[in-house]
Every structure is written in structure tokens, then in C-alpha cells.
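In the order they appear, the protein sequences are chains R and C. Sequential numbering from 42 applies to the first sequence in the working numbering. Sequential numbering from 2 applies to the second sequence in the working numbering.
What the hints contain is simulated information worked out from the structure, not anything from laboratory work. Be aware that one or more of the hints could be misleading.
[As the list claims (entries may be wrong)] Below, a list of computed lysine-lysine pairs in the DSBU-like style, where the Cα atoms sit at most 35 Å apart:
| hint | chain 1 | residue 1 | chain 2 | residue 2 |
| --- | --- | --- | --- | --- |
| 1 | C | K201 | R | K71 |
| 2 | R | K415 | C | K8 |
| 3 | C | K19 | R | K415 |
| 4 | C | K225 | R | K415 |
| 5 | C | K272 | R | K71 |
| 6 | R | K308 | C | K141 |
| 7 | C | K8 | R | K71 |
| 8 | C | K266 | R | K51 |
| 9 | C | K407 | C | K266 |
| 10 | R | K94 | C | K19 |
| 11 | R | K51 | C | K372 |
| 12 | C | K452 | C | K358 |
| 13 | C | K458 | R | K94 |
| 14 | C | K376 | R | K308 |
| 15 | C | K141 | R | K415 |
| 16 | C | K160 | R | K71 |
| 17 | R | K354 | C | K141 |
| 18 | R | K71 | C | K141 |
| 19 | C | K13 | R | K71 |
| 20 | R | K415 | C | K128 |
| 21 | R | K308 | C | K319 |
| 22 | C | K128 | R | K354 |
| 23 | C | K141 | R | K94 |
| 24 | C | K19 | R | K71 |
| 25 | C | K9 | R | K71 |
| 26 | R | K94 | C | K407 |
| 27 | R | K71 | C | K128 |
| 28 | C | K9 | R | K94 |
| 29 | C | K141 | C | K272 |
| 30 | C | K19 | R | K195 |
| 31 | C | K141 | C | K160 |
| 32 | C | K407 | R | K51 |
| 33 | R | K94 | C | K376 |
| 34 | R | K71 | C | K319 |
| 35 | R | K94 | C | K8 |
| 36 | C | K141 | C | K13 |
| 37 | R | K51 | C | K376 |
| 38 | C | K272 | R | K51 |
Now for the letters of each chain:
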Amino acid sequence: MDFRELPPVKEQLMKCVRCGKCRELCPVFKEIGVESAAPRGHVFMVQMLRDGKVEPTPEVYDRLGQCLMCETCSANCPSGIDVHELNAAARAYLSQTNPNWGKDLLFGNFWTKPDLMKQSIKLASLAQRLGLQKLARNIGLTRILPGDLKDAEKILDHIPPRSARSTLPAFTPAQGDTRYRVGYFLGCGTDFLSPEIAQATVNVLSRNGCEVYIPEGLKCCGLPHIANGKLDVARQLTIHNINLFQKLNVDYIITDCGSCSATLTEKNLRFVLQGTPYQEDAAAFAARVMDLTVFLIDVLDIRVDVHTGQKWKVTYHDPCHLVNAQGITAQPRELLRRIPGVELIEMPNAASCCGGSGTYSVTHHQVSMQILDKKMSNAASTGADVLATCCPSCIMQLNHGCRRSNWNAEVVHPVVLLDRVYQEALTTV
Amino acid sequence: MNHVDIKKELIKMLGPDKVLTDELDLMYYSYDSSFLTKLQPVTPNAVVLPTSTAEVQAVVRLAYEHGINIIPRGAGTGETGGCVATEGGIVIDLSRWREIVEIDVNNMQVVVRPGVIHADLNDELAKFNLFFPPDPGSSKMCTVGGMVANNASGLRAVKYWTTEPYVLGLEVVTPTGEVIITGGQQARCIKNVSGLNLTKLMVGSEGVLGIVTQIRLRCFPRPKARGIAMAVFDHLDDAPATVLEVYQAGVLPSGIEILDGSAIKAVNDFKPQINLPDAEAILLFEVDGNPPGVEYEGQIIKEVAGRRARQVEWSTDKQRMAELWEGRSITAAAAARVRPDGSRIFAGEDISVPISKVAEVLRAIRALGDKYGIKVVNYGHIGDGNVHCAPVINPEDPHEVELVQKLVDEIHLLAIEMNGSTTGEHGVGAARRGYAVLEHGSAVEYMKKVKNAFDPKGIMNPGKLF
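Same shape as in the complex, but just chain C (with noise of 0.2 Å):
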């Protein structure tokens, strides 16, 4: 079969308004949210758009016996080109197949179609006072489907940790066109270690191992109360040390987050109104649950953020705790408008390091942009390790362009130097996949032979993790 006939045979499975094939309207499909696609977009061969398990299944199985590539989409708000077809082949944009199927309250755990926005799918929780925890800063455009394909987390990981503890089972379409069950054909137990853990391998698999058609997650009761304190410290040390003295007081927030010196600038400088103090570093403390438990955990983290910050304020009032957050919360806006020619990019921007290291590596990392000329903007979970670096940069000029490619990888480099990662929640995709060996040695050709076990014709997402 030619391409003009899998175009012919695509629309006949799955009707025209689901398949793409004009050139024009598939180079929308070349890019993600990642620096490597704005600067190399690739264009796939067709775009499908299923909505139902059937037609996943339809497609692979015809991709698989053409040997086609296949590629699995989300929302496309990625940040490595996970979902960019870099060899080409047929995306499959799962983003309009929007169905939450089932909440189930009594056993606390809800079933979705991939599409599903992960804000949208807490609002309906929401309703039964349940929630899905992990907290991506793209809640309000991800899919569900993208978070499990990356294990996804975000703000709240200190406490709830990722995306992957809450994913019970999945319905997953094999490379080879079949369908299976992970978790329990039947099941709707939460504690089950029955058989190979196969959900935990596809959870963060970046979809190299199969398409996820369907997911039962883990909900978890809602919090009733929330409080923030802000401390502002001098020396930047202080702030990775106060983290571990504040988990050492028997304290864990649900999140975070520090902004250092050069985003604290940059939030000035884009709303002077906001007026962050003149400092190192800030830490942002997020605790949540019962009113009491908030409240007396709040205090233990004013007590202990104040031995070592120039000033610390805790706050449970609504409006005060959106003043607070706010810096945060427009950090990565600021970021990208640091610099009036210039946007902030996305690369090198995920590391995550141990907390004892944290502080070093934003010295080092700050020390970097000056070697480079790069100006750096530093903000991230801290509670975790998982930092957040914003390079600005003018990326229409080559030069700045190749400085910056230079800089990231230093950062990636970094990484690993420091016992870290390269990534802590982003994915390896398309644009980190040449650090895999370095990060994983000899065990990066077992999860070669893991993925040949899935996806023998190789035709999975080819071109990504490693």
C-alpha cells in the first residue's frame, strides 16, 4: 500500500471528519511545547483523531502490518517532542475523546478516556469531594492520557507524589493491534500485586510500548483546608536547608517552591505591583487537609522557616493566600517576558536534583548563563528536587540559538554529576533521549529488549527515551 491508499483506508475506518491528510492542515501537527520542535518541526504523514478503542485499534492494526510509524498525542503541551512524529508516520491525537466513563464513589477511583483535561476531570471529582492529586502546571490544557504517558506531577508531588501511584489499571492497544487490561481484568481493588506490574511499566513509558485507551485511577478524599506561608531568605543555603528542617519538624506541606533571586527580578519586573522583597531566594510552603491540622502545621513551618528567614508569613485567608501565591504562579509568564526581544524557551528546563543539592546546583546553573551570556530564570519544586530553569533568549539569532543548545546540554550534564536526573517530570522524549546511556548504563539495551517484547516492528514512537 502506498501512502495515498492508507490515507484512502484511514478514512474509510474511521470516516473524514477523524483523519487528516492535507499537507497543510498536518504541519500543525509537527510541534510541541519543546524548544527541539520549534526549531526542527517535523510534519507527520496523516493525523487520526479516534474516539473510541475500536478505532485506536483499527489504525494500529493497519499501521502495524504496513509497518507505519505510530504516534500517540495528548493535548501536544509537552515539552520534549514526545509527540511529535520525528521519524514520521500516523499521529493519533487522542485529545478529543474526552469521556470521564465512571465515577465510582464507593471505591474511590474513576475511569477515563485519555482526552480527558485533568482540570476538568477535578471539577466532576469535585462534585463527589474527591480528587485526582497530581498537579501538573498545565492542569488546564493536559490530557489525563499525556500525564500517565509521562507520569506527570506538578506543585503538590512533595506530599501526593506523580501520576503513577494513582493509576490502578489501564485498557492499552498493543503495537501489535491487540487490546489488554493492566491492573485486573475485573478489578477495582486499590491494593493489588497480582502478576507482572505491567501498569507501572506503561505509566511514564512516553507511548513506546502502546497506546493508552483507557485509565482507572486512584481518587483521594479532598482537603478541606489550605494555608500558605512565604519565608524570604537572605542567603540562598538557607532555603534547601530550612526544606529538610521543616520535613524534620514531622511536617509535609503538599508543596514547595522556591523562587531564587533572578525570578523574584523577573516577577518585579513584569508586575512591580506584586513587590516580592529584594532577596536570595523564597520559599512558597502549600499545607493542606483538616482546618486544625493546617493550622498547627502552618505554625511549625513559621517556627522553623524563621530561624533562618529574614521574614516568614503564614496565611489561611483566601485572598492573602492568592497574594502570596501569586509570585509563583506568574513566574513562568515573567520569565518569557524578561527579555522584550526575547522568549523564554523550553529546554534543559526540568532537572531534578537531590534536595541536599539544590542550592549548588542554582549557583552552578546561574554560573552557567553568565559563562554563556544567557540570562536564567531559577523557580521550581524544591520540596522535591525538581528544578525549573527558564534560558531567554532571542531564538531567531543562530548564535543565541547555539549558545543555548551548549548551555542545556551543561545543564543536563550537571544533572547527572549532581546524583540527579535529567528530568523530574517533563519526559525524555525526542530532545533528551542522547543522555539515556549516560543516566542508565547497561540497562538502557534491556529497555530496548522490553520495548522489542511490546513492539517488534518497532513502529511505537520510534525515536524517543532512547
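If we strip away everything but chain R, and leave its shape as in the complex, we get (with noise of 0.2 Å):
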């Protein structure tokens, strides 16, 4: 579809009458000071571009790039504008008239390949087990990358060893009675950076009585490609998904990964997916797609009847695609709070973003760190022992965050805890 003819691009950019209340909610304006980095400034290149008042540039792409997506603007817009769909149509009409051999490569390729994907992960990994990425950064290679990389391949410092669906069997029962057959979105973070989730996610399922489905071919949601102009490989992947769970028998499809519950609501889905005839699929889809969090509290009502002793000071923050794009704020703590042992500390300013937003971190390193600066001295500020959130691109860069700011805090998603408190449990009993 041409791009002036996308619904955001065509019904939304008139709307902005530029009022200015994104600039100080937006965590990149607040580090950068410009207007190129205020979300009412994107709406503008958009509009722009549209009328052919600028030539659709790699520059363009920059400034338009320099939005990490966390959508605190859309979520807080008066006028009601999703900024990021008209920035993420922008960029992908960007990406068609220059193309980039490195990124149709990453997420035109690799990115849609979750054999080739787990593969050479599981060589990066065994690279660095091997003290490869040490040694490199000790001899000064790391020096040599472009730009920021020599910085950024800091945050990627543990890789685990194997991806979470080499462990995991394509089919867990319940334990006691069925009460839901579950199909579990098991993201591209959680497989590969934060496989202890998903290994948690489906033991917590399974005890809480749900058969868990994951199947077998499924692919990434479709983020990093929306984000990174490749709306085209985000619309195939989300066909190719829908079409999986479709042969799925399933009553929810749960997924622990903000970020991907958020690419697949129903108003994303109709932005990937809009000129397709698949719009009504998607809708049928995404209604049975939930939050972990949101289906352990709301239609589990999970009740954790085991004590361990354990006792954690937890503090929470709220991935940007729960909080902003989905307004979950409620269950994670809930369920935080339904843990023995743990004892709930708010931080200030929990909803702001940690930076991380995937990709960003690495191609926006600088702003990337600010961010994740003023996140932690946040967090720090709580004297909590425990930095709970339900994203996995959120927990690499909080993990980053701990260790810049040399602070000994343990970053999990409240699953983990959850499991860990029925695994303790039963190894006690």
C-alpha cells in the first residue's frame, strides 16, 4: 500500500495541532533538547514527507530513528494520535526508496529464521564462554567497531548457551485438572536472551492447571521489523503466525514478553496488516492473545498457597509496551504482590522508559545510557534487592543498568520469582 494512503498517514497527521505536551513526556526530547527528537516534530517530518516538501532520505530516517518507540506519546496524545505508527509507516516508506543491504540482510533474513537464529546465537554464546568477547575488549578489538558497538556489545554480556525451545517440549499437560489449553508466543528475547522465563512461565501454566502449546515453525511477532522500517517482513511474519495458531486449538495465546503481547493487539495488527484480507483473522487472533501476567490474575486468579522463607525486597518497572501500549500496570504488581516473600516497593516514575527498546540500545547507544541512567538511580533509590519487569529487551538493558551503576540487584520477570517460589516449595517439602 502506498504509503500516503496508510490510515494513520491519511486520517491522523492533520490532527496534530502541535500542542507540545509530547516533548516532556518523551524519554529521548528530555536527554536531546531538539525539536527533531519531539514526537509532535516526527508527526511533522511525516507530514512532510507525505506532501513532498522533503526527498525521503536516509537523513529523514534519522531523525525520524530517533524515537525508541515506547509510545508514551500515542498513550498521552490529546489529540489522540498513534505517533508511532506514523513514524514506523514513515520509516518503512523510507527503507523502500534506500535500501540498506545490512538491514534487509538482519531483518529481511536472519531475523524471520529461528533456526538460523538459534544457531548462531548458540555460537555467539559459545564465543563468549570461550572468553572471546573479553579478549577482544581486553586487546582493544571491541575499540574498532563503528560507533557506539564498542560500547553497546556491553549490554549483550551474557548469552545463554541454549534458546529456550531446545529445551522445551512442544506440549506440556496440566497438572491436575484442564482448565485452559494454552498456546504459549514464546518471543524472541525470551527464547534466546531469557530462557529461564519461558522454562517458568510454562511451569507456572502447567501447575496452575493449562496445557501449554508451543509451536513448532513460530516466528518472531514482528517488532524489530516494524521499528526497523520492515513493515513488509512484519506483515508476512504476523500472517505466518496467525496462520500457525489458527491450527491450534487453543483458549488463550499467552505470551511473557511485553513487547510481543503488545505487536499483536488488535490495533497493531490492523496497522501491519491493513490492505491484506487478513484483517478479520487477526482480529479473531488477537482477542485470545493475553499477557502472562494479566491471565495469571485475572482469569487464573492464581492463589500461591506455598511459604519458602524467602523473603525479597522487589521493586517494579513497567515495560513501555505494557504500560503504554496496552495500559497493563495492575497484574504485574498484583501478582508480585501474591508471591510469599516478596514485599512491593514502588520507585518513582516506574512507567518512565529504561532505554532498551531492542535495537535501540545499540544503534542510539548514547541516548540509550542516558536514559538507562536516571531508570536506575530510580530504582537504586528504592533499596530494593529485586528489579522485577515483564519484558526481556527490558531486563538485558536493566541488567546493563546494574552493572554500570554497580548495583547488586537480581532483574527478573515475576514469573521467575513465582516459579521459584513453587520449586523451592517442593524441594522443601
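Starting from two chains that each stand alone, build the complex the way the hints lay out.
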């Protein structure tokens, strides 16, 4: 579909009155302080693109690319503008007119092939365990990396040796009576970077009466592709995944990743699939998608009746894609409160972005670190020993933040704590 | 010096991080929140982002030497094109300069740099039980420098008035590149009638006389309690009459807001769960102060408003106050969404009329909307006669744009005819300068003489005010 005909471009551009409310909400603008980083600036530039007042050049992409797609502006815009959708639509248009082989290879090829990703990440993990990453740092090899990569590579400090899918069965039966059949949308971040979350998710679901299915051939939700101007690839991935889940007769499709669940909302799928005949299928699919914490609290209403004597002081970071994209704030906290031994301490500005946003911490490392440092300062001010959040990308970033700020906190998904309580209770019985 | 040399010189003086010269980056400074710059954005020749008086002074001296226009800018939330280089030049963006220099608790004042955000300032002052009372709707994004430049006010102007009475002194870089301190070089006093009042002259001068680089503000003790009354009227005329009767009963609320039928409908259409009563007008009174006083005044408002209103509710409960106030707080957003294929525009949005004529003016605006076939949502600060009307059009339809410009012109003329002003708190900028002579007559010539005394080369924010 022509960029100019995309619904957000066609219907929403005119609604921006440039009131500027978004300036002070945007984590990137707060760091950079120039209008080209303000969300209303992005809306303005998309309009300039649409009207042909600027050429679709890589320089325009650079300006729009400053946005980390946290959706804070969209969630708070008085005029109801989905700034992130406008930005994504423009990035797709700019990518089409300015092909980039690196991006094509990464997002058009590599990130659409789970097996290839698995093997590559296995190799990277092996290299890391052999000390090659440290060796490269020590001999100064990382210093020759372009731009901020020499610093950004430190974010991936620990790559697990095995992906979640390598260890988890395609089907896990429910313990006791089956209450629900659940499809598990196992996202890339959880799969490759935080497989312990996936294990905990399956354990907790199973223990609470759910059959858990992990469909063979599941691919990425498409968010990295949307954010990097590969809307067409995101569309293919979405259609693939919808077809895959259509074959599974499940009551719910659960994901422990806030970014995946945000990408799979009906609203976002409508954006991704506009102009295709898949809109109805997408609506039916999205109606079954639910964030894990919402499922555990609102549907299963779990009660944790085991005790381990463990105590945790926990503070919770709201991932942007839960709080801004879906308005989910209560259930993750409620889940934490229901875990015996957890004392929940609110941090100031819990809903402010951590600056991770998937690939953003690599592509815009410096700004990302400035945003992260503020988040860590707020988190550490609570005196907590555990920093909980519901997004593997945030977990990776926050782990890096702990190292940067020398704060010895454990960064976990709430479900991991819950599973730990279950497991420890089992071993102490 | 040509443009390239000027840009090089700016970079030399401020460093590359504080100077924008790339054409693409400059385009982002071609607008503010006005309808005028939405229709006609104007790209400046350069943008600088100074964070010291010396940097501002260096830029101004360079501009003065070469006769280049300079345009001060805050957060760009204004609605008049006032911070846009409508005649070209260097935009001086002060919004990065966010330093609260000193909170002088013992003398009830605070010293800030121009880029401090209004809400941030009050968050800091709250730690000392102080506040800076003017309360613009854009509190969370507008800068204090912008408030000073435009003499901004807002919801609580009824009791606390505008920015101007709180400004005790200013540091100003004049258009010739000198630095002056108004309000007394060393002064820390609150009352001061010494000398010509240059502070008062600078406040609201919209950047045509100089660049404010430091602001000394008076603070007030922070009120301990608040209460809200909502009164619902079947007849529009009863609303302003009630406002006057409340005043006559000896009560000065902190704010009095009105939603007319158009705004009530817009709010209910946008968020049906708010469920405002169907009426010709709703008044919201806010009272603040100490708890017994707030309750006492609330009861008076309830009794007085009850004489004309169909229903009156008074509450000091936080939750209920938020619910009562919600209709007002979302009116601007609701207006923006009143037409799925349209947008509210900021033009003709700020007229100020005598309180006694508010009902007449609201009816006249409604008739003008009907005449041009344009939806207009009306709301505003009835306590001081400041009416905000929001025309809603498809801004990409040239015919609608043409019609709305005629509508806006008639609204401005209506305000003058009704013994009012084209602007109560947003300012003149480029958008309303055409009405200067009509509003001020020969006084405009004296305004120009004052400007000329400060700015002999006419480089300070030209094309604004008159």
C-alpha cells in the first residue's frame, strides 16, 4: 500500500495541533532537547514527507529513527494520534526508497528464520564462554567497532548457551485438571536471551491447570521489523504466526513478553495488516492473545499457597509496551504481591522508559544509556534487591544498568520469582 | 559576512552541540502550536540552544553587528507564531536552559533560567510549601521564560492573576547585546517602586524588546485545601449572572470555568462515561486556602449558585473533585476529536470580554459557527471573561480553511466590539498583529517608539505584536 494511503498517514497527520505535550513526555527529547527528537517533530516530518516537501533520504530516517517507539506520546496525545504508527509507516517508506543491505540481511532474512537465529546465537554464546568477547575487549579489538558498538556490545554480557525452544517440549500437560488449553507465544527475547523466563512460564501455567502448546515454526512477532522500517516483513511474519495458531485449538495465546503482546494487539495488527485480507483473522487471533500476568491474575486468579521463607524486596519497572501500548500496570504488581515473601516497593517514575527498546540501545547507545541511568537511579533509590519487569528487552537493558551503576540487584520477570517459590517449596516438602 | 560565515561563527562561539544549521533540523523550528504556522511554516536560518547569559549575549552581538533577526523561543507551545522566524533569522531556543538558580525561602522568591518547565518549578517549590500561582493549561510543557514573554496565566487567574505581578526582576540581553537587570541590581525585596518599571514593560513584550535570561519570581504559600463546585444551568445567561453573584457574596474562587452546550456535547461524545448533564452551561468553581475557609466559601457558592442552577454539587473529596473536574480537563482533547475527519485549530482561540457579556459573546460565536457551517466548541475562564473557542475543521480542505479564517476574523472583531480584547493570555505574535491599530489606536505608534529605543536595528523578533 502506498505510504500516503496508509490510514494513520491519511487520517491522523492533520490532527496534530503541535501543542507540545509530547515534548516533556518523550524520554529521548528529554535527553537531546532538540525539536527533531520531539514526537510532534516526527509527526511534522512525516507530513513533510507525505507532502513531498522533503525527499525520502537516509537523513530523514535518521531524524525519525531517534524515536525509540516507547509509545508514551501516543498513549498521552490529547488529539489521539498514534505517533509511533506514523513513524513506523514513514520508516517503511524510507526503507523502501533507500535499501540498506545490512538491514535487509538482518531483518529481512536472519530475523525471520528461527533455526538460523538459534544456531548463530549458540555460536555467539560459545564464543562468549570461551572468553572471546572479553579477549576482544582486552586486546582493544572492540575499539575498532563502528560508532557506539564498542560500548554497545557490553549490553550482551551474557548469552545463554541454549535457547528455550531447545529445552522445552512442544506440549506440556496440565498438572491436575485441565482448566485451559494455552498456546505459548514464545518471543525471540525470551527464547534466546532469557530462556529461564520461558521455563518458568511453562511451569507456572502447567501447575495452574493449563496445557501449554508451543507451536512448531513460530516466528518473531515482527516488532523489530516494524521499528526498523521492515513493515512488509512484519506483515509476512504476522500472517505466518496467525496461520500457525489457527491450527491450534487453544483458549488463550499467552506471552510473557510485553513487546510481543503489544505487537499482537488487534490495534497493532490492524496497522500491520492494512490492505491485506487478514484483518478478520487478525481480530480473532488478537482476541485470544494475553499478557501472562493478566492471564494469571484476571483469568486464573492464582493463589500461591506455598511458602519458602525467602524474602525479597522488589521494585517493578513498567515496560513501555505494557503500560503505554496496553495500559497494563495493575496485574504485574498484583502478581508480585501474591508471591509469598515479596515486599513490593514502588520506584519513582516506574513507567518511564529504560531506554532499551530492542535494538535502540545499540543503534542509539549514548541516548539509551542516559535514559537508563535515570531509570537505575530511580530503581536503586527504593533499596530493593530485586528489579522485576515483564519484558526480556528491558531485562537485558536493566541488567546492563545494574552493572553500569554497580547496583547488585537481580533483574527478573515476576513469573521467575513465582516459579522459584514453587520449585523451592517442592524441594523442601 | 555571508550565511555560511555566520553559521561558522555561531559554532565557534557556542560549539557544534548548541547550533543547528542543517536545513532538515531547521525545518523543525518552523512551527509552534498556531494554525498560522501550520498553514505557513517558516524555516529559520539557524537555531542556537544557549545555556548561559554569555552565550546569548555573544549570539545577539553577532546578530546586531550584522543586522540579523533574532527570535527567542521557549517550548514552542504558543498559539500565535510568536517564536517563529516569520521574517527569517536566528531562533534562540532557550528550552534547554532549565536551571533553578536559587529558591530563596526566607524571602519567598525563586530565581530561574528561562527554560525551566512551569510544572517542574512548582514541584520543586512544593518541597518548601511554596508555589508560583499562574497556572497555564500547558503547565507540563511550557517554559517559565515563555510565560514571562507572553504574560501567561490560566485556570487560576481569577484569584491569582497573571504572570506579571509575580515577576520581581529580570536579567535581559538587549537587542544591542547589553545585559541589564530590571527590578533593582541587588534587590531582594518584594515591594519596589523605584525607577521606571522596566520589568513590567518586558513581561508580555513577546520577545520584541530583548531576551530574558534570568527571572526572579515571587512565590506564595501553597494552599492546604481545595474544593470544587459544579453548577448546571438550563439557561446560558444564568452562568455569568451566577459568577457575579458569587463575587458579590464576597467569595473569590481560585478559578471559575465554563463549558457551554457545545463543550458538554463534545465531552460526552468523546467519553460517554463522564456523562455530564445535558445543559446550556456548566460552571466549575475551584476554591483553595485553609480547610475551614474552603468549606465556608464552598457552602456560599452552593447556596448562591443554587438560586439559578438546576443542580449544584460541592466536594472536597479528592476522588470526587477529580471526577467533577474531568469534564473540564478533557475539553480541549474532546474538542480535537469532535469530528473524526477534522481537527481543532488554534486561531481566534483566546478572546477576552467583560464578564457581563460572556453569554452574549458565546451566543454570537455559536451564530458565527452556524453562518460558516463550522463546529465551534466553547469553554474557558469565565471568572475573568477569557473565552477559548475551538473551531473544528479539516485543515487540509482549502475551502474550510478559507471559511475558518473568515470566522476567526469575525470572532476577533466581535471581541473588540464587545469592549474586550483579541487575546486574554496567549498573546498577539504574528497571528493577531493585524488588529493592533484597531485595539490600541495611536498608542501603537508609541509601542513602536519604545521598541525602537531598545532595538534600533529592528532585529528583535520582527513581525510580531504590531
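Status of the hints after comparison with the structure:
1. Proposed proximity of K201/C and K71/R is supported: the alpha carbons are some 32 Å apart, at most 35 Å.
2. Of the pairs offered as hints, the one joining K415/R and K8/C holds, with about 34 Å between alpha carbons and a cut-off of 35 Å not exceeded.
3. A hinted pair counts as satisfied when its Cα atoms are at most 35 Å apart, and K19/C with K415/R qualifies at roughly 23 Å.
4. Distance check on the hinted pair: K225/C and K415/R sit about 31 Å apart at the alpha-carbon level, within 35 Å; holds.
5. With a C-alpha separation of about 31 Å, the suggested pair K272/C and K71/R falls inside the 35 Å cut-off, and the hint holds.
6. Taken as a hint, the K308/R and K141/C pair is honoured in the structure, with Cα atoms around 29 Å apart against an allowance of 35 Å.
7. Proposed proximity of K8/C and K71/R is supported: the alpha carbons are some 26 Å apart, at most 35 Å.
8. In summary, the hint linking K266/C to K51/R is supported, as the alpha carbons are separated by about 26 Å, within the 35 Å threshold.
9. Using a Cα cut-off of 35 Å, the hinted pair K407/C and K266/C holds, with the two alpha carbons roughly 25 Å apart.
10. Distance hint between K94/R and K19/C is fulfilled; the C-alpha atoms sit about 26 Å from each other, no more than 35 Å.
11. Under the criterion of a C-alpha separation no larger than 35 Å, the hint pairing K51/R with K372/C is consistent with the structure, at around 29 Å.
12. In summary, the hint linking K452/C to K358/C is supported, as the alpha carbons are separated by about 34 Å, within the 35 Å threshold.
13. In summary, the hint linking K458/C to K94/R is supported, as the alpha carbons are separated by about 33 Å, within the 35 Å threshold.
14. With a CA separation close to 29 Å, the supplied pair K376/C and K308/R stays within the 35 Å bound.
15. For the hint linking K141/C to K415/R, the alpha-carbon distance of about 19 Å falls within 35 Å, and the restraint holds.
16. Using a Cα cut-off of 35 Å, the hinted pair K160/C and K71/R holds, with the two alpha carbons roughly 33 Å apart.
17. Proximity of K354/R to K141/C is assessed by CA-CA distance (about 33 Å); at most 35 Å being required, the pair is judged to hold.
18. Distance check on the hinted pair: K71/R and K141/C sit about 13 Å apart at the alpha-carbon level, within 35 Å; holds.
19. Restraint check: the Cα-Cα separation between K13/C and K71/R comes to about 25 Å, which is no more than 35 Å; the hinted pair holds.
20. For the hint linking K415/R to K128/C, the alpha-carbon distance of about 21 Å falls within 35 Å, and the restraint holds.
21. A threshold of 35 Å between alpha carbons decides the hint, and for K308/R with K319/C the separation of about 34 Å falls inside it, so the pair holds.
22. Distance check on the hinted pair: K128/C and K354/R sit about 28 Å apart at the alpha-carbon level, within 35 Å; holds.
23. Note on K141/C and K94/R: the hinted pairing holds, with a Cα-Cα distance of about 31 Å set against a maximum of 35 Å.
24. A C-alpha spacing of about 15 Å is found between K19/C and K71/R, which places the hinted pair at or below 35 Å, so the restraint holds.
25. Straight-line distance between C-alpha atoms of K9/C and K71/R comes to about 27 Å, which keeps the hinted pair within the 35 Å bound.
26. A hinted pair counts as satisfied when its Cα atoms are at most 35 Å apart, and K94/R with K407/C qualifies at roughly 28 Å.
27. Restraint check for K71/R and K128/C: satisfied, since their Cα atoms lie roughly 23 Å apart, inside the 35 Å limit.
28. Taken as a hint, the K9/C and K94/R pair is honoured in the structure, with Cα atoms around 27 Å apart against an allowance of 35 Å.
29. Proposed proximity of K141/C and K272/C is supported: the alpha carbons are some 23 Å apart, at most 35 Å.
30. Restraint check: the Cα-Cα separation between K19/C and K195/R comes to about 30 Å, which is no more than 35 Å; the hinted pair holds.
31. For a cut-off of 35 Å, the pair hint linking K141/C to K160/C stands: about 21 Å separates their Cα positions.
32. With a C-alpha separation of about 26 Å, the suggested pair K407/C and K51/R falls inside the 35 Å cut-off, and the hint holds.
33. Taken as a hint, the K94/R and K376/C pair is honoured in the structure, with Cα atoms around 30 Å apart against an allowance of 35 Å.
34. Simply put, K71/R and K319/C have alpha-carbon atoms about 31 Å apart, close enough for the 35 Å limit, and the pair holds.
35. In summary, the hint linking K94/R to K8/C is supported, as the alpha carbons are separated by about 24 Å, within the 35 Å threshold.
36. Between K141/C and K13/C the alpha-carbon distance is near 34 Å, which keeps this suggested pair within the 35 Å criterion.
37. For the hint linking K51/R to K376/C, the alpha-carbon distance of about 22 Å falls within 35 Å, and the restraint holds.
38. Straight-line distance between C-alpha atoms of K272/C and K51/R comes to about 24 Å, which keeps the hinted pair within the 35 Å bound.
When the structure is compared with the earlier hints, no violation turns up for any of them.
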